[in-house]
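Kindly produce the complete structure, drawing on both the sequences and the hints.
In our numbering, the protein residues as written are 96 to 332.
You may find that some hints are simply not true.
Unchecked claim - Pairs of lysine to aspartate or glutamate, DMTMM-like flavour, derived with a Cα cap of 25 Å:
hint : residue 1 : residue 2
1    : 98        : 121
2    : 230       : 266
3    : 230       : 282
4    : 230       : 270
5    : 98        : 272
6    : 98        : 286
7    : 98        : 132
8    : 230       : 176
Stated by the list, open to error - Here are the in silico distance ranges between beta carbons for each label pair:
hint : residue 1 : residue 2 : range
9    : 168       : 237       : 17 to 23 Å
10   : 247       : 139       : 29 to 35 Å
11   : 176       : 263       : 34 to 40 Å
12   : 280       : 163       : 25 to 31 Å
13   : 280       : 110       : 20 to 26 Å
14   : 181       : 132       : 23 to 29 Å
15   : 265       : 143       : 15 to 21 Å
16   : 247       : 313       : 29 to 35 Å
17   : 98        : 132       : 27 to 33 Å
18   : 168       : 231       : 18 to 24 Å
19   : 281       : 168       : 23 to 29 Å
No lab work stands behind these hints, which were simulated from the structure alone.
All C-beta atoms, glycine included, are put in the ideal place defined by N, C-alpha and C.
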Amino acid sequence: MSKRAVLEVIALDARDAVAAQAGGADRLEVVTDIAADGLTPPVEAFAAIRAAVSIDLRVMLRPTDGFAAGDAGRLVRAAAELRAAGADQFVLGFLDAEGGVDLAAVERVVAELDGCPWTFHRAIDHTADRDALRKQCEGLPGLDAYLTAGSAAGVDDGLAVLVAEAGRRGEQGYEQEILVGGGLRLDHLPELRAAGIDAFHIGGAARPDGWTGPVSAGAVGEWRRVLDGVTGGPDGG
96 MSKRAVLEVI ALDARDAVAA QAGGADRLEV VTDIAADGLT PPVEAFAAIR AAVSIDLRVM
156 LRPTDGFAAG DAGRLVRAAA ELRAAGADQF VLGFLDAEGG VDLAAVERVV AELDGCPWTF
216 HRAIDHTADR DALRKQCEGL PGLDAYLTAG SAAGVDDGLA VLVAEAGRRG EQGYEQEILV
276 GGGLRLDHLP ELRAAGIDAF HIGGAARPDG WTGPVSAGAV GEWRRVLDGV TGGPDGG
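Next up, the structure:
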C-alpha cells in the first residue's frame with residue numbers, strides 16, 4: 096500500500112499558511128525575504144502563522160543570502176527566540192568557504208534546538224561533495240530530511256541524482272527523508288514516486304501570480320490531487 100506523500104509549501108505570512116492548509120499541504124516552510132531564497136522570519140511572523148493553522152511548521156534559520164553561517168551566535172539567539180514562541184521544527188544548513196559542510200556552525204545551532212526535527216536545506220545542492228556532506232551530518236540530533244533538487248540548477252538537472260540517492264536509503268548518510276524541491280514540476284512526480292520518494296516542497300508553484308501574489312489553495316489542491324493519484328515504488332514509498 097502506497098504511503099501518502101508529504102506536501103510542504105513555503106509560507107511568508109498567515110494568509111499563505113491558511114491557503115496552503117486549505118489546499119491540502121501537510122507542512123509549511125516558514126521564511127521571509129524570498130528574494131534572498133528565504134531567510135529567518137521575525138518571531139512575530141512565525142507566531143501569526145502558528146496561530147492561524149494547525150499543520151506542522153518548519154522555520155528557516157538562515158541569516159543572509161548564500162550558505163555561509165555568518166555570526167553563529169546570532170543564529171543561536173534566533174533559534175532560542177523562535178523556540179520560546181513555540182517553534183519546534185526547523186530548516187538550516189551551512190557551507191564553508193571550500194564548499195564543504197560547516198559542521199561547527201551546524202552543530203552549534205543544532206545544540207540549541209535540543210532534539211527538534213530539522214531539514215538540511217538546499218545547501219546540499221551547492222556542496223562540493225554531496226556524499227561527504229551526508230556522512231559528516233549523520234547522527235546529528237533531529238536531522239530527518241534533506242531538501243534537495245539533486246542539482247544546484249534544479250530538478251530537471253538533478254533527477255538522476257535524486258533517483259540514485261533514493262536507491263541508497265538505509266546506507267550511512269542516506270537514512271533521512273528526501274524532500275524534493277527546487278524547480279519541481281508536476282510532470283516530475285511519476286518518476287520520483289516510482290523511485291520511492293514521498294516528500295515534496297513547492298514555493299512558486301503554489302502562487303499562480305508569482306511571488307508578488309499569495310499562495311493559492313487551488314494550486315496547492317492540484318498538487319495534492321496529483322500526488323494522491325501517483326503511487327509510490329514497490330517498497331511502499
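Results of checking the hints against the structure:
Between the alpha carbons of residue 98 and residue 121 the distance comes to roughly 13 Å, so the proposed pair stays at or under 25 Å and holds. With a C-alpha separation of about 10 Å, the suggested pair residue 230 and residue 266 falls inside the 25 Å cut-off, and the hint holds. Annotation: proposed proximity of residue 230 to residue 282 is violated, straight-line Cα distance about 31 Å (limit 25 Å). A threshold of 25 Å between alpha carbons decides the hint, and for residue 230 with residue 270 the separation of about 10 Å falls inside it, so the pair holds.
Between residue 98 and residue 272, the direct Cα distance comes to roughly 13 Å. Compliance with the 25 Å bound is thereby established for this hinted pair. Taking the CA atoms of residue 98 and residue 286, the gap is near 16 Å; set against the 25 Å cutoff, the hint holds. Of the supplied pair hints, the one linking residue 98 and residue 132 is violated, its CA atoms being roughly 30 Å apart against a limit of 25 Å. For the suggested pair residue 230 and residue 176, the alpha carbons sit about 30 Å apart, so the restraint of at most 25 Å is broken.
Between residue 168 and residue 237 the CB atoms are about 20 Å apart, so this pair conforms to the stated range of 17 to 23 Å. The hint said 29 to 35 Å for the Cβ distance between residue 247 and residue 139, and at roughly 33 Å that hint holds. A C-beta distance of roughly 37 Å is found between residue 176 and residue 263, which places it inside the suggested range of 34 to 40 Å. At about 30 Å, the CB distance of residue 280 to residue 163 agrees with the hint of 25 to 31 Å.
At roughly 25 Å, the beta-carbon separation of residue 280 and residue 110 lies within the given 20 to 26 Å, and the hint holds. For residue 181 and residue 132, the hinted distance range of 23 to 29 Å is satisfied, since their beta carbons lie about 25 Å from each other. Hint check: residue 265 to residue 143, Cβ distance near 40 Å, so the stated range 15 to 21 Å is violated. Our hint of 29 to 35 Å for residue 247 and residue 313 holds, since their Cβ atoms are close to 31 Å apart.
A hinted range of 27 to 33 Å holds for the C-beta pair residue 98 and residue 132, which are about 29 Å apart. Taken as a hint, the range 18 to 24 Å holds for the pair residue 168 and residue 231, whose Cβ atoms sit roughly 22 Å apart. Between residue 281 and residue 168 the C-beta distance comes to about 42 Å, which lies outside the given range of 23 to 29 Å.
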